[in-house]
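Given chain A, put chains B and C in place with the hints provided.
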Amino acid sequence: MAEPIRMRIKLEGDVADVRVLIGHPMETGLRKDPKTGELVPLHFIKTVVATLNGKPVMEAQWSQAVARNPYIQFRVKGAKAGDEIAISWVDNRGESNGAKSKVPPAS
Amino acid sequence: MGLARALCASALAAIALACIPAESATPEEDRKHLVELFQARFPGVPLDDYVYGAMIANPGAREQYEQIMEFPPFLEDIERGRRLWETPFRNGKHFADCFPHEGRNVAGDYPYFDPTLGTVVTFEMALNRCLRANGEAELRYGEAQGMGVLTAYARTLSDGMRMQIRVESPEAREKYDAGRALFFRRIGQLNASCAGCHAYYAGSIMRTEIISPALGHATHWPIFRGGEELMTFQGRFKRCMEQMRAVPFGYNSEEWNNLEYFLSYLSNGLPLKSSVFRK
Amino acid sequence: MLKAVLAAAAVAAGLIEPLRAVAGEWNKAAFDAREIGLALKAADVANATASADLIIRAPEIAENGAQVPIEVVSKIPGTQILYLFVDKNPQPFVGSFEFLEGAEPFISTRIKMGETSNVRVVARAGSKVYVALREVKVTIGGCAA
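Chains as they are written, first to last, in our numbering: chain A, 1336 to 1442; chain B, 9 to 287; chain C, 429 to 573.
Worth flagging that the hints you see were computed from the coordinates, not collected in a lab. Quick reminder that beta carbons are idealized off the backbone N, C-alpha and C, glycines included. Misleading hints may appear alongside valid ones.
As the list claims (entries may be wrong) - Derived lysine-lysine pairs resembling DSS-like cross-links, with alpha carbons at most 27 Å apart:
| no. | chain 1 | residue 1 | chain 2 | residue 2 |
| --- | --- | --- | --- | --- |
| 1 | C | Lys503 | A | Lys1412 |
| 2 | A | Lys1381 | C | Lys516 |
| 3 | C | Lys556 | A | Lys1390 |
| 4 | A | Lys1381 | A | Lys1435 |
| 5 | A | Lys1415 | C | Lys503 |
| 6 | A | Lys1345 | B | Lys281 |
| 7 | C | Lys516 | A | Lys1367 |
| 8 | B | Lys246 | A | Lys1367 |
| 9 | C | Lys456 | C | Lys516 |
| 10 | C | Lys503 | A | Lys1390 |
| 11 | C | Lys456 | A | Lys1390 |
| 12 | C | Lys503 | A | Lys1345 |
| 13 | C | Lys565 | A | Lys1367 |
What the hints assert, rightly or not - Distance ranges between label pairs, derived from CB positions:
| no. | chain 1 | residue 1 | chain 2 | residue 2 | range |
| --- | --- | --- | --- | --- | --- |
| 14 | B | Pro96 | A | Lys1412 | 45 to 51 Å |
| 15 | B | His102 | C | Ile483 | 45 to 51 Å |
| 16 | C | Ile483 | B | Glu262 | 23 to 29 Å |
| 17 | B | Thr95 | A | Leu1377 | 30 to 36 Å |
| 18 | B | Arg253 | A | Lys1412 | 34 to 40 Å |
| 19 | C | Asp460 | A | Ala1416 | 54 to 60 Å |
| 20 | C | Ala457 | A | Ser1442 | 42 to 48 Å |
| 21 | B | Pro54 | C | Asp460 | 35 to 41 Å |
Isolated chain A (complex conformation):
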């Protein structure tokens, strides 16, 4: 079962500022398991898609050099309160996860 995705969205005028923390080990394949001494296999997110009301607004391709439990912040113009921002990822094992959150009113 995939680890959680945490999203924080702030509306600044008509720009949704979106911060996401994705749970994922992002293993480089170069790290040794301290208990077994064996190399932990390569395991990382390859593609990430963010949508606004179902329409892709940001698409990313990643390598294993993105940090463990990756963080991304991006900004989408033309957003308003009640809009839905969704984020999803697929990793090198074909596993995937997604989350969505509504844009709150501007504070």
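Coordinates of chains B and C only, in the frame set by chain A:
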């Protein structure tokens, strides 16, 4: 003048602007000496900033700390701790039932001296006492995924609380003095003492790293090294003793519990903040 | 499965397909490249023009090479994609971020750096590519951490 004080006045005065004598007058005098020592060495640094350790002398490090702490990568570890804290015991009770205010704003009272036990009691010991009292198995001290993540959450319930350790009896004072003696003792193949680095050379660079001041040390555990590896206060004692090429004492040993008592007293008045990023 | 769902949504929107074609499929050749020149070529962003309108915010000395905060904003009009490289990483290409439908050409993320290196950002605006560099010193390497 005692021999210790004389040595202090001569050799170490060259290094330290205010000298900490080998014999302690009172814990409060120790704490004040240390505060004066550091305030002279780091002019303009507010007292509350000492919880940031070596970062008081490194604005670039502090900036990265703030960037990472805004949305830290280790939130799921804290969440695992929250689940441990909130899961009821088989008898229906919870960890929160073992502490005043349901565990909020309590960590700054630990360690405390328990006259019945005749030893100091750390926060982790209190968590295990709670488990034992409720018929549950105790957690292993020093184990990151059990006690580590539990304290990673439970201690955050005391974020902002000011450290307020008490040394109020001759027996308590004995434990404080034992911790203090270890702090000043030269250990290991490197023949180094905690005080040598973290009092007298705090702010200087050793092996490419800025040495952090002892003031503030006890306030911010566990840490997440590189944002990823959970390390408790006593886990840091272990690593440091190993780095001095000394055989470490054990988790929950009297030596380390007394050291924690002493170091926590030194940080009295400083605000706790747990589960933080460190390099 | 996800791509099928998104492709359907994209077709329904009628706007996305041409833009998605810019970035294409996961660029294995670029990600596998073990030298910056080869990575740039495989990502089709070699020979970019230096631009002061491509701004990188990164620490001077990384606290830990496993979690280096990097922020990039492009003031170049029409920026569609930002590419991120760490020149001295075992595989220099870190990732690309394509901006569609009103997303600003801005990204903030955390990356792994194996050693002191230039962090290199390339911005693509149509057929033009622009580059900016920022050196980040690393004392604790992040790749095997």
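Status of the hints after comparison with the structure:
1. With a C-alpha separation of about 15 Å, the suggested pairing of Lys503 of chain C with Lys1412 of chain A holds against the 27 Å cut-off.
2. With a C-alpha separation of about 21 Å, the suggested pair Lys1381 of chain A and Lys516 of chain C falls inside the 27 Å cut-off, and the hint holds.
3. Taking the CA atoms of Lys556 of chain C and Lys1390 of chain A, the gap is near 26 Å; set against the 27 Å cutoff, the hint holds.
4. For the hint pairing Lys1381 of chain A with Lys1435 of chain A, the CA-to-CA distance comes to about 19 Å; that is within 27 Å, so the pair holds.
5. The hinted pair formed by Lys1415 of chain A and Lys503 of chain C meets the criterion: a straight-line CA distance of about 24 Å does not exceed 27 Å.
6. At most 27 Å may separate the alpha-carbon atoms for a hinted pair to count; Lys1345 of chain A and Lys281 of chain B meet this at roughly 26 Å.
7. As the CA atoms of Lys516 of chain C and Lys1367 of chain A are separated by approximately 21 Å, the hinted pair is consistent with the 27 Å bound.
8. For the hint pairing Lys246 of chain B with Lys1367 of chain A, the CA-to-CA distance comes to about 22 Å; that is within 27 Å, so the pair holds.
9. With a C-alpha separation of about 19 Å, the suggested pair Lys456 of chain C and Lys516 of chain C falls inside the 27 Å cut-off, and the hint holds.
10. Of the supplied pair hints, the one linking Lys503 of chain C and Lys1390 of chain A holds, its CA atoms being roughly 24 Å apart against a limit of 27 Å.
11. Between Lys456 of chain C and Lys1390 of chain A the CA atoms are separated by roughly 26 Å; this keeps the pair inside 27 Å, and the hint holds.
12. Restraint check for Lys503 of chain C and Lys1345 of chain A: the C-alpha separation of about 22 Å stays at or below 27 Å, so the hint holds.
13. Between Lys565 of chain C and Lys1367 of chain A the alpha-carbon distance is near 24 Å, which keeps this suggested pair within the 27 Å criterion.
14. For Pro96 of chain B paired with Lys1412 of chain A, a C-beta distance near 47 Å keeps the hint of 45 to 51 Å intact.
15. For the pair His102 of chain B and Ile483 of chain C, the supplied restraint of 45 to 51 Å holds, since their beta-carbon distance comes to about 50 Å.
16. In this structure the supplied range 23 to 29 Å is violated for Ile483 of chain C paired with Glu262 of chain B, their Cβ-Cβ distance being about 55 Å.
17. Here the CB-CB span from Thr95 of chain B to Leu1377 of chain A is close to 34 Å, well matched to the stated 30 to 36 Å.
18. For the pair Arg253 of chain B and Lys1412 of chain A, the beta carbons lie near 58 Å from each other, so the given range of 34 to 40 Å is not met.
19. Look at Asp460 of chain C against Ala1416 of chain A: about 43 Å separates their beta carbons, and that is not inside 54 to 60 Å.
20. Against the hinted window of 42 to 48 Å, the Cβ-Cβ separation of Ala457 of chain C and Ser1442 of chain A comes to about 45 Å, which satisfies the hint.
21. Our hint of 35 to 41 Å for Pro54 of chain B and Asp460 of chain C is violated, since their Cβ atoms are close to 50 Å apart.
When each numbered hint is compared with the structure, violations occur for hints 16, 18, 19 and 21.
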